[in-house]
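Novice: Fit chain B to the given chain A structure using the hints.
The primary structure of each chain is shown beneath.
Protein chains: 2
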Amino acid sequence: MNENTSVSATAAASATPIVTAGLLVIGDEILSGRTKDKNIGYLAEYLTAIGIDLREVRLVPDIEDEIVAALDALRSRYTYVFTTGGIGPTHDDITADAVARAFGVPLDLDPRAVALLRERVGEAGLNEARLRMARIPRGAALVDNPVSKAPGFWIGNVIVMAGVPTIMQAMLDAVAPQLRTGAKVVSESVRADLREGDIGTELGDVAKAHPEVMIGSYPFADEQGRPNTNLVIRGRDPARVAAARAAVEAMLNEVRATLAGTSAS
Amino acid sequence: MNENTSVSATAAASATPIVTAGLLVIGDEILSGRTKDKNIGYLAEYLTAIGIDLREVRLVPDIEDEIVAALDALRSRYTYVFTTGGIGPTHDDITADAVARAFGVPLDLDPRAVALLRERVGEAGLNEARLRMARIPRGAALVDNPVSKAPGFWIGNVIVMAGVPTIMQAMLDAVAPQLRTGAKVVSESVRADLREGDIGTELGDVAKAHPEVMIGSYPFADEQGRPNTNLVIRGRDPARVAAARAAVEAMLNEVRATLAGTSAS
Numbered sequence: 001m002n003e004n005t006s007v008s009a010t011a012a013a014s015a016t017p018i019v020t021a022g023l024l025v026i027g028d029e030i031l032s033g034r035t036k037d038k039n040i041g042y043l044a045e046y047l048t049a050i051g052i053d054l055r056e057v058r059l060v061p062d063i064e065d066e067i068v069a070a071l072d073a074l075r076s077r078y079t080y081v082f083t084t085g086g087i088g089p090t091h092d093d094i095t096a097d098a099v100a101r102a103f104g105v106p107l108d109l110d111p112r113a114v115a116l117l118r119e120r121v122g123e124a125g126l127n128e129a130r131l132r133m134a135r136i137p138r139g140a141a142l143v144d145n146p147v148s149k150a151p152g153f154w155i156g157n158v159i160v161m162a163g164v165p166t167i168m169q170a171m172l173d174a175v176a177p178q179l180r181t182g183a184k185v186v187s188e189s190v191r192a193d194l195r196e197g198d199i200g201t202e203l204g205d206v207a208k209a210h211p212e213v214m215i216g217s218y219p220f221a222d223e224q225g226r227p228n229t230n231l232v233i234r235g236r237d238p239a240r241v242a243a244a245r246a247a248v249e250a251m252l253n254e255v256r257a258t259l260a261g262t263s264a265s
Numbered sequence: 001m002n003e004n005t006s007v008s009a010t011a012a013a014s015a016t017p018i019v020t021a022g023l024l025v026i027g028d029e030i031l032s033g034r035t036k037d038k039n040i041g042y043l044a045e046y047l048t049a050i051g052i053d054l055r056e057v058r059l060v061p062d063i064e065d066e067i068v069a070a071l072d073a074l075r076s077r078y079t080y081v082f083t084t085g086g087i088g089p090t091h092d093d094i095t096a097d098a099v100a101r102a103f104g105v106p107l108d109l110d111p112r113a114v115a116l117l118r119e120r121v122g123e124a125g126l127n128e129a130r131l132r133m134a135r136i137p138r139g140a141a142l143v144d145n146p147v148s149k150a151p152g153f154w155i156g157n158v159i160v161m162a163g164v165p166t167i168m169q170a171m172l173d174a175v176a177p178q179l180r181t182g183a184k185v186v187s188e189s190v191r192a193d194l195r196e197g198d199i200g201t202e203l204g205d206v207a208k209a210h211p212e213v214m215i216g217s218y219p220f221a222d223e224q225g226r227p228n229t230n231l232v233i234r235g236r237d238p239a240r241v242a243a244a245r246a247a248v249e250a251m252l253n254e255v256r257a258t259l260a261g262t263s264a265s
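Chains A and B supply the protein sequences, listed in that same order. In case it helps, UniProt numbering puts the first sequence at residues 1 to 265. In case it helps, UniProt numbering puts the second sequence at residues 1 to 265.
The shape of chain A in the complex, shown without the other chains (with noise of 0.2 Å):
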C-alpha cells in the first residue's frame, strides 16, 4: 500500500466528524421473554448504514425512575438517542412523562397531535386514553406515524419511537433524513476457513499493527458443520481496511501453510 494514498484518505476521513448514538428499548414485555424484541438489530443496521455509530443499547422496565436514568445517562453521551416504545394509549405507556421529566419540561396536549389522531379516529374515537398519545413534551417537534398516525416526536437529542417494528421504522425512515451522520464504517468480511483458535495469536498481531481498524473473529459452523472463522475489519478509511484485510489474508496463508506443514511432517 502507497502510504502517502493512506494518509491522505486518513485526513479525509477525519474531517467527517463521528456522530454516536444510544438505544434505550422501554417495556416489562421484553424484559419478561413475552416480547423479542426485534428493533435492535434493525436500529443498529439503519444506524450503521447511514454512518452513525450505535455505541449502546439498554433495556428498561416501565418504571419512570427507571427511564429517566438511563435517558440521562445515554443523552449527556451520545449525539442522538433513540428510544423505543411506552408512547400508545394505556396506563403502561409513560415514555412521554419520562422524556418531560428529563429535559424539565411541561408534557402538553399538542394540538397538532390532537389533529392527527382526530383524522385517524373522528371527534367521537378521541377519547381519554386515546390523547394520552398527543401528550409531547413541550418544545419537541413531531415524528410522523404513516402507520397509525399517533406520532414520535424529537427533543433535544432525544429521538422517542414506537415499539412496534412497523411504525418504529416508518419513524425511523421519517426522521432520518434530518439525522447529521459521519464518515460510514467500511466493513470487509473474511472467511478464514480455519478454527478461531488456530488464527488467534497471529490475528491479534495483525491488529495490533493496524490500530486504525476494528478486526472482529466470529466462529461459525460451516455448511458440513465444522467449526469456521469469520473475520470482519472495519474502519473508515477505505484504504486502511484494504491494507489490514491484505495483512489478515497474508497471515491466514501462512497460517495455512504452517498446519498443513504440520500434519504432512
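Calculated from the structure, these hints are not laboratory results. Please note: incorrect hints may appear among the correct ones.
[To be verified] To give a feel for the contact side, a few chain A residues facing chain B, derived at Cβ under 7 Å:
no. : residue
1   : D28
2   : V60
3   : G104
4   : D193
5   : G197
We put the beta carbon where it would ideally sit given N, CA and C, even for glycine.
Specialist: This is chain B only, laid out in the frame that chain A set:
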C-alpha cells in the same frame, strides 16, 4: 374472590424473596448490526420461568472500560448479572480481563480450564490463542460448556457465558440448578378484541384498583389485519392475578356493551 384466600396467598408469596438479574451483552458485532442478538429473548424467558426477574439489559462494545463500568453498575443492583460474549480465543475477546479488573483479582491461567481444553484439542492444539480461553479470574467457579469445552465462569454474583447461542443455552442449563430463585411470576393473557385506544382509560382504572399486579397492554394485528389488543396480567400471587383478570374481563364486557350501544344508537 375470598379476601382471606388472597391474604394468605400473599403472605406465602412474600415469604419467598424476589430474585433479580441484569444482563450484559458484550460485542461490537451486535452494535454494528452484523450479528442479531438471540440471547436476550432466550434468557428473559428462561429466567422468568424459573422465578428470576430480569430487570435490565445493557449492550456494550468490546471496550474494557465500558464493560467494567456496566458490570459494576449492574452487579451492585441485582442478585445476579449474566454476561454473554467475548470469551473466545481472539484479541477482541476481553470479557475475562474486564471481569477480573471489576473484581480486583488476577486473571490466572486456570489448570482446570487448561485440562478441559487439552482434552478437546490435544497438547499440540493448545496454542497461545486457545490458552486465552483458560484465563479465569482467580476465585471463580467454572461453568461447564458441553458444546466446545472452553468454560464460562462464575465469580461473586456475575456469571460469564459465551455469546454463541447454543453454548450460552448449555451454560445456562449448567448454572440454573444452583441459582437462587424467587416466587415465580404468574402471567395470564386476555385477548381484548378491542382496540387499545378503546379501553385505555378503563384499563388504567382496573390497574389502579389492582396495584399488586402488573397489567400490560400490547396491540397487535389480528388474523384479518384488524387492530386488536392483548392484555397481560402478571404477579406473584395467583389469587390476585385471577382477581385482576376477572376485573379486566368485566371491564372488557362493559366497554363492548357500550360500543355496541353507541353503534346501535
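Novice: So which of the earlier hints does this model not fit?
Specialist: 3, 4
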